[in-house]
Amino acid sequence: MRYFIELSYNGTNYHGWQNQPNAISVQEVVEKALSTILGETIAIMGAGRTDAGVHAKQLFAHFDTDLIFENKQLKFKLNSFLPNDVAVNSIFKVKADIHARFHALSRAYLYRISLQKNPFNFNNAFYVKQALDVKKMQEATKILFDYKDFQCFSKTNTDVKTYNCVIMKAEWQLVEDELHFTIKADRFLRNMVRAIVGTLINVGVGKIDIEDLHKIIASKNRSEAGFSVPAHALYLKEVAYPEDIKLVE
1110 MRYFIELSYN GTNYHGWQNQ PNAISVQEVV EKALSTILGE TIAIMGAGRT DAGVHAKQLF
1170 AHFDTDLIFE NKQLKFKLNS FLPNDVAVNS IFKVKADIHA RFHALSRAYL YRISLQKNPF
1230 NFNNAFYVKQ ALDVKKMQEA TKILFDYKDF QCFSKTNTDV KTYNCVIMKA EWQLVEDELH
1290 FTIKADRFLR NMVRAIVGTL INVGVGKIDI EDLHKIIASK NRSEAGFSVP AHALYLKEVA
1350 YPEDIKLVE
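Every number in my numbering is 1109 more than the matching position in the sequence shown, counting from 1.
One thing to keep in mind: the hints can contain errors.
Said to hold, decoys possible - DSSO-like, lysine-lysine: derived pairs with alpha carbons at most 27 angstroms apart:
{"no.": "1", "residue 1": "K1166", "residue 2": "K1278"}
{"no.": "2", "residue 1": "K1329", "residue 2": "K1270"}
{"no.": "3", "residue 1": "K1329", "residue 2": "K1244"}
{"no.": "4", "residue 1": "K1184", "residue 2": "K1355"}
{"no.": "5", "residue 1": "K1324", "residue 2": "K1293"}
{"no.": "6", "residue 1": "K1329", "residue 2": "K1257"}
{"no.": "7", "residue 1": "K1346", "residue 2": "K1204"}
{"no.": "8", "residue 1": "K1270", "residue 2": "K1355"}
{"no.": "9", "residue 1": "K1324", "residue 2": "K1244"}
{"no.": "10", "residue 1": "K1181", "residue 2": "K1141"}
As the list claims (entries may be wrong) - Have a look at the derived ranges for each label pair, beta carbon to beta carbon:
{"no.": "11", "residue 1": "D1255", "residue 2": "T1174", "range": "41 to 51 angstroms"}
{"no.": "12", "residue 1": "H1212", "residue 2": "T1291", "range": "15 to 25 angstroms"}
{"no.": "13", "residue 1": "E1285", "residue 2": "D1175", "range": "44 to 54 angstroms"}
{"no.": "14", "residue 1": "Q1225", "residue 2": "F1201", "range": "33 to 43 angstroms"}
{"no.": "15", "residue 1": "S1117", "residue 2": "K1278", "range": "20 to 30 angstroms"}
{"no.": "16", "residue 1": "T1291", "residue 2": "P1228", "range": "18 to 28 angstroms"}
{"no.": "17", "residue 1": "D1175", "residue 2": "K1324", "range": "49 to 59 angstroms"}
{"no.": "18", "residue 1": "D1268", "residue 2": "G1148", "range": "31 to 41 angstroms"}
{"no.": "19", "residue 1": "A1205", "residue 2": "K1329", "range": "33 to 43 angstroms"}
Just so you know, the hints here were simulated from the structure itself, not pulled from any lab data.
Backbone N, C-alpha and C fix where the C-beta goes; we use that ideal spot for every residue, glycine too.
Please put together the full structure from these sequences, using the hints given.
So, in structure tokens, the structure goes:
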């Protein structure tokens, strides 16, 4: 049987989601917990890869096993076994050919900017000291919908075949003393969200003009875009799938 496991985690103490040869990852911790509890080697495949320090409010992964277990009981055991910064929210059966990565319809990320110094959220949001022109940042954000090739926001030397992404949503919202950027797309390139946010911050502080964003994207050159904002304020917010992936139990 194939199962989906829905996870949340604080990425501060991990070198990203994916297994690393010389560093601890979220995938490694979850695989170890599953393997220990189920008594067999379990490999899991995640819906995507978050970089070191990035958090996930929702991430799905799949694993295969012939063992019979009660989903709620396994969830309870896993949450008892896993460290406090990783949580299992649900476990459910899916059709045998459903893949956590390839069948995802969209992914949404949240980036949190703190507009004033706050000793209680410096680990969760990026403090920007300069005044930001949010109206200009909103206008610049609309330009993203005019394009599909976002190579200028991607890390170099990646193994992707295409830099095309379909952006479905991108907006800024003031939430108390924070500025939140939400972006949703069918896929994301490595470092893409952090590079977009850094570029839009440069618009907000007046380093670049709104219309410059057209030239930056058309250049397909990472060095033309803005800085990459820190990972600690980035959250994988949601991963969406077709409604019919679940098996009725």
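Results of checking the hints against the structure:
| no. | hint | in the structure |
| --- | --- | --- |
| 1 | K1166 to K1278 | holds (18 angstroms) |
| 2 | K1329 to K1270 | holds (15 angstroms) |
| 3 | K1329 to K1244 | holds (26 angstroms) |
| 4 | K1184 to K1355 | holds (17 angstroms) |
| 5 | K1324 to K1293 | holds (23 angstroms) |
| 6 | K1329 to K1257 | holds (11 angstroms) |
| 7 | K1346 to K1204 | holds (24 angstroms) |
| 8 | K1270 to K1355 | violated (30 angstroms) |
| 9 | K1324 to K1244 | holds (20 angstroms) |
| 10 | K1181 to K1141 | holds (19 angstroms) |
| 11 | D1255 to T1174: 41 to 51 angstroms | holds (46 angstroms) |
| 12 | H1212 to T1291: 15 to 25 angstroms | holds (23 angstroms) |
| 13 | E1285 to D1175: 44 to 54 angstroms | holds (49 angstroms) |
| 14 | Q1225 to F1201: 33 to 43 angstroms | holds (42 angstroms) |
| 15 | S1117 to K1278: 20 to 30 angstroms | holds (21 angstroms) |
| 16 | T1291 to P1228: 18 to 28 angstroms | holds (25 angstroms) |
| 17 | D1175 to K1324: 49 to 59 angstroms | holds (56 angstroms) |
| 18 | D1268 to G1148: 31 to 41 angstroms | holds (35 angstroms) |
| 19 | A1205 to K1329: 33 to 43 angstroms | holds (40 angstroms) |
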